[in-house]
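Respectively, the protein sequence lines represent chains Y and G.
So the first sequence is numbered by the working numbering: it starts at 988 and just counts up by one.
So the second sequence is numbered by the working numbering: it starts at 988 and just counts up by one.
Be aware that a few hints might be false.
Where chains are identical, the list cannot tell them apart; a pair therefore holds if satisfied intra-copy or between any two copies.
[Claimed, not checked] Straight line, CA to CA, 20 Å or less: simulated EDC-like cross-link-like pairs of lysine to aspartate or glutamate:
| no. | residue 1 | residue 2 |
| --- | --- | --- |
| 1 | Lys1133 | Asp1031 |
| 2 | Lys1033 | Glu1311 |
| 3 | Lys1061 | Glu1088 |
| 4 | Lys1286 | Glu1311 |
| 5 | Lys1167 | Asp1026 |
| 6 | Lys1167 | Asp1063 |
Rather than coming from a laboratory, the hints here were simulated on the basis of the structure.
There are 2 protein chains.
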Amino acid sequence: MNQRIGVNSIAFEKPPVILAAASIVGEKEGQGPLGQFFDHVETDLKFGMNTWEEAESKMQSMAAKKVLKKAGMKDDQLDYIFAGDLLGQIIATTFGLMQMERPVFGLYGACSTMGESLMLASMAAAGGFAHYAMGITSSHFASAEKQFRFPLPYGNQRPLSATWTVVGSGAVIVTDEDMKGKGIARVTAATPGRIVDFGVKDSLNMGACMAPAACDTICQHMLDFNRQPEDYDAIITGDLGSVGQKILFDLTEEQGYDIRKQHLDCGMLIYDPKTQDTHAGGSGCGCSAVTLAAYILPKIKRKEWKRVLFIPTGALLSTVSFNEGQSVPGIAHALVLETTES
Amino acid sequence: MNQRIGVNSIAFEKPPVILAAASIVGEKEGQGPLGQFFDHVETDLKFGMNTWEEAESKMQSMAAKKVLKKAGMKDDQLDYIFAGDLLGQIIATTFGLMQMERPVFGLYGACSTMGESLMLASMAAAGGFAHYAMGITSSHFASAEKQFRFPLPYGNQRPLSATWTVVGSGAVIVTDEDMKGKGIARVTAATPGRIVDFGVKDSLNMGACMAPAACDTICQHMLDFNRQPEDYDAIITGDLGSVGQKILFDLTEEQGYDIRKQHLDCGMLIYDPKTQDTHAGGSGCGCSAVTLAAYILPKIKRKEWKRVLFIPTGALLSTVSFNEGQSVPGIAHALVLETTES
Chain Y
988 MNQRIGVNSI
998 AFEKPPVILA
1008 AASIVGEKEG
1018 QGPLGQFFDH
1028 VETDLKFGMN
1038 TWEEAESKMQ
1048 SMAAKKVLKK
1058 AGMKDDQLDY
1068 IFAGDLLGQI
1078 IATTFGLMQM
1088 ERPVFGLYGA
1098 CSTMGESLML
1108 ASMAAAGGFA
1118 HYAMGITSSH
1128 FASAEKQFRF
1138 PLPYGNQRPL
1148 SATWTVVGSG
1158 AVIVTDEDMK
1168 GKGIARVTAA
1178 TPGRIVDFGV
1188 KDSLNMGACM
1198 APAACDTICQ
1208 HMLDFNRQPE
1218 DYDAIITGDL
1228 GSVGQKILFD
1238 LTEEQGYDIR
1248 KQHLDCGMLI
1258 YDPKTQDTHA
1268 GGSGCGCSAV
1278 TLAAYILPKI
1288 KRKEWKRVLF
1298 IPTGALLSTV
1308 SFNEGQSVPG
1318 IAHALVLETT
1328 ES
Chain G
988 MNQRIGVNSI
998 AFEKPPVILA
1008 AASIVGEKEG
1018 QGPLGQFFDH
1028 VETDLKFGMN
1038 TWEEAESKMQ
1048 SMAAKKVLKK
1058 AGMKDDQLDY
1068 IFAGDLLGQI
1078 IATTFGLMQM
1088 ERPVFGLYGA
1098 CSTMGESLML
1108 ASMAAAGGFA
1118 HYAMGITSSH
1128 FASAEKQFRF
1138 PLPYGNQRPL
1148 SATWTVVGSG
1158 AVIVTDEDMK
1168 GKGIARVTAA
1178 TPGRIVDFGV
1188 KDSLNMGACM
1198 APAACDTICQ
1208 HMLDFNRQPE
1218 DYDAIITGDL
1228 GSVGQKILFD
1238 LTEEQGYDIR
1248 KQHLDCGMLI
1258 YDPKTQDTHA
1268 GGSGCGCSAV
1278 TLAAYILPKI
1288 KRKEWKRVLF
1298 IPTGALLSTV
1308 SFNEGQSVPG
1318 IAHALVLETT
1328 ES
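Using the sequences plus the hints, can you model the full thing?
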């Protein structure tokens, strides 16, 4: 049987295997340090569509098709899709995935959605509910700026604490089949996150909003499994950026965990801050999703990393709550990814 | 082991048991035909808060507290919460549940959220991931009108095909514990839904948008389990209303299923169309959630119904997609609820 561990965690008795992963990104991401690793870099920010939202949907459908192709599967072999995005009522997902005609569990976890979708897909596979489940998410700089901040033509200035929403969609397929050592990585454990609110009200400093949630999930994970940061080759958050990383180091240290040696952040990996003018780093659901697919998973497959703690982070913000004076709480969902040899 | 059945469905080997259910509603719902069954009828539409969104959050936190109390449980006994609402970035859920300090899986399934949350909570329990999992959702007439249609002070006229968003929050707790015949009902099977788009573009005729999805899920369910409508004491959709019901009857009949004898719709049960001026019926995540908690589950507990097919329905609409000329696709998630004696 699968096991509840500690206060918040899960250990998979027979860990589901990540069979395939795919990443579709925009031009800016293609020009960044991870550019060569993505499956497809699209130079047309509109992806051939008429609106930013349609562009994001198109990108998500491209990622879904790509991951199925890499897995050598057809749409109808897929049992369930776990998917979401940043937009109100997750319309990028709705219009991006509806042509697949497979059951969809719609998710909203802000930028933590890759963690939530991969976790639920893994639970579906490990629980005997699915042979093949997809986790997928996306974000688009232009649709996100329109949704959360200012219309692009305003040309507003961005403070140095701001992050840049990644144009990207990442998808993975997990399976309960015995892959006999093949496949990319095993999902061995999970620690879903609580909503954590430190009262931060600055929507242009998302790192500060999310760092307390990342700290809560990481420390709870270590406690639940009685592990230390040294038990991981890498501890990788989603999109804290350089500002959030500093806060995370301080907060985890207060809890007795020094994660400086192991810590990486997808938002700090995806852009070059010196040449790309992205300030604190990348963000958005797509940030951790495409970094997982293009950079983290290949390293695990090549056995450069044997065990990774992957913690996509989300800022639970809407313009409505923000304009009504509410704070921006955070959430972070952690997964343990290991090499396929046990 | 739990089983994948047919094309889209799940059968639970050891069906999780619904331990407790709670419903909190507004004054109009309290005056309707189900009024006497709700746990709490709040006469202050703002629930003592300053904004409609805060009111909805407060209502959701009240439902969570109530269901825990009815189950005789404390917050920290709850493993996971599966929750969502209609608002952009599900802020009613975020601000309503964060004080509970338990892991939250944020969902967006439009008005089908009670189906999605109860299904995932049941999968978590049956898969060995949770001893106690909560499914919860809410909607509020005023926050929904503000989000999707017109500000209330406009006093706009509503066509007769329009439904009225229910002010209500419903919550259930499921468990994998052996309840020895106690508890309210067993969740024995599930058929998660596909996104179905018939190209309907009328956001004031949600019944027409959702009926094709309800038909797709119901017919797929019957096929997957090789059952007929007669195998159910009731087949209950979420919020099709009187307009959507007629379309559903036509569509299912085309597929060879006559569900007229078994069919009920939560949206048609919750208001009295003659005296309450709600036009086609009730809608919103809260509609199926509070009808489940206050009306459907008690009937199963009393063994008036032995097996029910419960199909919350959702219209995947946002103002952004709507204003960009997109259609309103639907989704419907079906659950089989049975008496606790097998």
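Numbers of the earlier hints that this structure fails to satisfy, in rising order: 4, 5, 6
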